[in-house]
Amino acid sequence: MRVGILYSRIRKDEKLLLGELRERGHDVEKIDVRKHGFGLDDTDAAVADCDLVVDRCLATSRSKYATEFCRHYDVPVVNSPDTAAVCADKVRTSLALDDAGLPTPDTTVAFTTESALEAVESYGYPCVLKPVVGSWGRLMAKLDSRNAAEAVLEHKATLGHYEHKVFYIQDFVEKPGRDIRVLATDGEPVAAMTRSGDHWLTNAAKGAQTDSFEVDDEVAELVETASDAVGGGLLGVDLMETGARSAPEGATGDAEEPGAGYTVHEVNHTVEFKALNDASDVDVPAAVVDWLEDRAAAEVEVTP
Amino acid sequence: MSTCPECGSDVALHDDLEVGEIVDCDTCGTELEVVDTAPAVLDRAPELSEDWGE
Chain A
1 MRVGILYSRI RKDEKLLLGE LRERGHDVEK IDVRKHGFGL DDTDAAVADC DLVVDRCLAT
61 SRSKYATEFC RHYDVPVVNS PDTAAVCADK VRTSLALDDA GLPTPDTTVA FTTESALEAV
121 ESYGYPCVLK PVVGSWGRLM AKLDSRNAAE AVLEHKATLG HYEHKVFYIQ DFVEKPGRDI
181 RVLATDGEPV AAMTRSGDHW LTNAAKGAQT DSFEVDDEVA ELVETASDAV GGGLLGVDLM
241 ETGARSAPEG ATGDAEEPGA GYTVHEVNHT VEFKALNDAS DVDVPAAVVD WLEDRAAAEV
301 EVTP
Chain B
1 MSTCPECGSD VALHDDLEVG EIVDCDTCGT ELEVVDTAPA VLDRAPELSE DWGE
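Protein chains in written order, with our numbering: chain A, 1 to 304; chain B, 1 to 54.
No lab work stands behind these hints, which were simulated from the structure alone.
Stretch by stretch, here's where chain B covers chain A in the computed footprint (C-beta under 8 Å, at least three residues):
1) 18-32
2) 59-68
Here are the in silico distance ranges between beta carbons for each label pair:
3) B/Pro-46 x A/Asp-98: 27 to 37 Å
4) A/Leu-40 x B/Asp-16: 31 to 41 Å
5) B/Ile-22 x A/Ala-48: 23 to 33 Å
6) B/Asp-26 x A/Asp-278: 18 to 28 Å
7) A/Asp-278 x B/Thr-3: 24 to 34 Å
8) A/Gly-207 x B/Asp-10: 24 to 34 Å
9) B/Ala-12 x A/Asp-281: 30 to 40 Å
10) B/Thr-27 x A/Leu-95: 46 to 56 Å
11) A/Lys-142 x B/Ala-40: 39 to 49 Å
12) A/Ala-48 x B/Ala-40: 25 to 35 Å
C-beta atoms are modelled at their ideal positions from N, C-alpha and C, and glycine is treated no differently.
Make a model of the complete structure from these sequences and hints.
Structure below.
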């Protein structure tokens, strides 16, 4: 197959993917989105002849629009622009997860520092303030006191881009020093790892220790539902263990109710997998390319 | 082997170099983007942007 890779930087993840695709004899078209224009009728980016385009843009803004244009040109693209739009925006992700009935951290969005401070106070301390767009644990604030909350909110309101004036406030989840990353293809778990550290942020990008994690039925069900909730595709679903085994609201008291022990806090649509590939026994790039081949074959079937 | 555009030092490169890849200059520490591979040409890599990630 002919595979287009939308990118602006070749990380180790893309390099693993490129190596696997070439090893299997696929024709790879690297498309640096910085070098092209995307018009309403056409583009100088070589996407038209691709059986499948894979979005690996490092910049979320480019990812969202480049995939929209691919769809506009009727070029099959993964992940879909709809998935990208939901996953790129923490507010939309929270709404999608909640709409799907998934356990997800309690979240409030406020548009002024005053209403944001009220929300913070209602959660109590600590609570968490996150940017609506962002990754790798950057610009995340754990608010331990009213003084800290006032300062951070004022800084965001004064210094920030308009998106920082959308205050995304979240209940602080007491996780057991780690969270869980599951890489999934259309909801099917491929590999998983824990990310552990002393810091409250346990992103791999922050230097967390990674270890293989065995996906149980409960996690698999949550991952499948989360994937469906955001539109499916190649995703990194992040969960925290809450330790709370009590039944969710409205349930009849079954302590083993699915989802009761985890909360889904994030879904990533241009998922990095180099750390997962090292931590797990799974050949992650091979599994990803298996899935890409299936997707490309499915596109041929529906496009005679 | 290529040259760091920041400090002029030689930069050792591996064989499976890809356009778009980032390498570090061991001398000055600058992050360098591979803009060509035949022959290898390096440029200063873009600064981290707020919307970068996964």
